[in-house]
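Novice: In order, the protein sequence lines correspond to chains A and B.
So the first sequence is numbered by my numbering: it starts at 1 and just counts up by one.
So the second sequence is numbered by my numbering: it starts at 1 and just counts up by one.
Keep in mind the hints are simulated off the structure, nothing from the lab.
Values in this document were obtained by computation on a predicted structure and should not be read as measured data.
Heads up, a few of these hints could be off.
[Unchecked claim] Covered by chain B, according to a simulated footprint, are these stretches of chain A (three or more residues, beta-carbon under 8 Å): (1) 188-194; (2) 224-230; (3) 286-293.
By construction, the Cβ of each residue, glycine as well, lies at the ideal position given by its N, Cα and C atoms.
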Amino acid sequence: MSFPQPKPEIPQVPQHLLRTIDCQQGAVRAVRFNADGNYLLSCGSDKSLKLWSVSRGTLLKTYSGHGYEVLDADGSYDNSQLCSCSSDKTVILWDVATGQVTRKLRGHAGKVNCVQFNEEATVILSGSIDGTVRCWDTRSRKFDPIQILDEARDGISSLKVSEHELLTGSVDGRVRRYDLRMGQLHVDFINSPVTCVCFSADAQCTLTSSLDSTVRLLDKSTGEMLGEYTGHTMKGYKLDCCLSSKDTHILSCSEDGHVYCWDLVEGSLTLKLPVGKAVVQSLSFHPSETFLLTSMEGRVQVWGVEPEETEEDGDVVVVKKEKV
Amino acid sequence: NMASDNDSDEDFVSFGTPLEPLEEGNPLRKPVPVYEQTVKDEKGRYQRFHGAFTGGFSAGYFNTVGTKEGWTPSTFVSSRQQKAERQNARPEDFMDEEDLGEHGIAPREITTTAEFGPGRKDLIRDKARAISSLSAPIPGDTLLEDLVAPARTSIGVELLTKMGWKDGQGVGPRVKRRPGKLKADPSTRPLGPVLPPHGSEESQDEEEDEFVPENVTFAPKDVTPIDFTPKVDLHGLGYRGLNPLAALRGAPAAGHINLFTMDSDRSTSLFGEDKKGHKRRGGVSGQAFGVGAMEDDDDDIYHRDTMSNYDAVLGGEEPGDGLYGWTAPQQYSRKKKDHSKDAAYLGKIIEGFTLASEKTETKTVGIFPPPNLPRDFRPVHYFRPVVDMSNASSMVVQALQTSRGHMVQEGPSQGGRHQLDSAQRRELLGEATLQGRHASLWAACLLLTRFPLAEQQQMEALSVWSSPTAQAQTGQTFKPFEKTPHKQARYDHYIEKLKQGDRDALEASLDPCMTEWERGRERDEFVRAALLYKPSSSSLSGRFTRGKHDDSVDQDTVEVKRDQENDVDDKQAAVKMKMFGKLTRDTFEWHPDKLLCKRFNVPDPYPGSGFVGMPTVKRDKFSVFNFLTLDSTASTTASPAPQGNRQDRMYSTEGPVNSFDSQNMV
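This is chain A alone, in the form it adopts within the complex:
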């Protein structure tokens, strides 16, 4: 006697606005989940970096030290350190608990657009408008980067790090993937300035959004395009895109105030979240659950699958997907 196969889970999309947090930071340039998804980081144009609790929406700590707008941030895997980058050309390594600046890394020639820790938080990688990616060592006391990657011919808009790979997207229309294990550099030509790059969860694909209002899913090993997602507007601003935690959907910000959500396989538009009237600048997906953070102007929105009241109940409720 065999048990019936469990019903395949209907992929869920974060369609409900759970809460809105008014960050009081000027414009929120980036919003990020931390490693476990319990906290969020908001990077403000008022040079501050704030740590919030996602579930309660409360401000936990403010980190000041940058000289100009904070453009991106990332938390280490153990939540002990934060790194942030700013228009003041520096990358700062913070101690979470005390809020002190552990290290201020100078070297970039222009504003630093993106920053991320590696898996073990031993290296901070930052990409700047000066076209270089710098790898900073968090363990040593040296202020020089371990390596500078200057193959790009225009600014670096986005970067992501995986176990042994570094993915960068540049305004010169190319996505570069540095494979440390193989010692290779793969360059994918997109023909349009790249605004955001992502790894897929299974590390087989890369997601690229570019200024031709197109999000493309490329195969990592061959470079072939697996999916193309359009409908949103991305013509002038650096906006984020991401994959859902289970690689079911592709999500992207848009300049028309919505967040677009496509089905990865079919490529059809599943969801169009009405965030607001202004440009949705940043978004971040929960590492494991189906939660989404978006930022627009000075506020951060938390989206979930179901409204909060229903979640607290703990019952499983089938939620009807709203088709747009």
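Got chain A; can you put chain B on it based on the hints?
Specialist: Here is chain B on its own, set in the frame of chain A:
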């Protein structure tokens, strides 16, 4: 001229200026007032004293004292506060340009100062002095030399004397024949403009012994010094030209016209005219000669009239063109020429000029084309570095530097032809060596200054290079013999040995294949180079570091990434067609940093690689101009070669790059 006026018809000689013939019936001339009875020179000064003597000069102000107002003592102030200082007046204060001129009483002339006198010889003297000052009982003091000061003769005489010349001899190669009559004591003769000797002062001993031994050479005959008045005109040598006034008076009136006059007479022709432009007549003209005192119209009084003013032959045309060799502008000529040609040039003729009588053929000076440049000619001059070598130890080096401002380097090849001494020059010219005593003594003096210090130099070089600071210096910063790799290699070997403290460094690093002389030279050169370019002391060298980029080497190449992307156009087309994959992807070799691999916990894919990032190669520098051809069929839009600059690629085919700005958000 007047003095030697020989009238062939008469047998008397006339001197002086004859009186104007008294002509009755002429209207009486207004008497010249006394105050106008003066003679002025070209500057309006009064020319002569009245009567008292016929030579000399005018003094003061119009033969009076001081100024128009009378004698005014200059700058004499004495008051209770300011006592007058002693006014020491020199005679020169009272002289004017006339006095200080050539014919005045205090002529000035240009002479060579001591500085520029025998200067050439100071090189050797300074060296000898510096060296002897070290070994003297009192180092640095030149008492002995100052006691005995050499007689200062001019440099030319000194050089000649060294080469074996004696006073009274001529200069040049010795001759075999009987010597000419030597001039008397040329050393006392001033080497400047002098009057030519009147006649030739031949020595009286014509009756010399005929016995002349064979193989005896004599010095050549000395030459007559030449008048060094600069010649500023285009006439022949010695040509004086005609005094226009004398010519205008009529050739016969002037009598014998002497075209080649003496020096003193040259200036007199100017004084023919006084301020009012009156023509001075009379043959003898000069400062003191002419009309009487206070006469303006000299010519009226002393008009000379000779029979040559009048034609003796009827109807005879003047021979030639009547100019008698006169070549001055025609407007002075009596003869009226055809002036029809002038009509076209009326108003355009410069004052003082007139149309030429003959059309002179304009010499067709050949137009020389520019030289043909060789194919590989580059208009760049590479200055060969002059390697300054010192002749002695460092102390003397200092002394020499302060004394002359630079160190003289020996060896004709490095200093150029002006740095040769006579011995080197002689061997270059291929002349026979002198037999005189002077030559060898002089060369011996030179040699003496060099040799005693060789040992000292070597020890010094050794001590300098084996010191710790020298050891620290890893790279050889100065390569004196860069052009000669073999020599440079031997030099490097020598320096290495010096660093190790090897005493025989010098001998060991010479090339045994060379001749003894060559080795000797190289030995000296190495020691000097080692001394000269010793490694800098640590305090100073700590402030400097070697440049990262060796700019002197390899200007023609540039480092570019070895692997280049494929053509962008293809990629763009592929993207448009949505054919991602092979067409849009490029894969390159990339070397991560060792530490980065360690941090990422991955093994280093290239353990032995010495570089980081993408491999680069050196390629020749290209620019757009390498690919432009004059051929119109060549495609100008052709993409440059793959090893072209990255710059080209960036601008050539990329579309407009949108740079976004997140700050535009709010």
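Novice: Does each hint fit the structure? Answer for all of them.
Specialist: Evaluated hints:
1. 188-194: It holds: at least three residues are needed, and the region 188-194 of chain A offers 5 whose Cβ sits within less than 8 Å of chain B.
2. 224-230: holds (count 3)
3. 286-293: violated (count 0)
Of the numbered hints stated above, the single one contradicted by the structure is hint 3.
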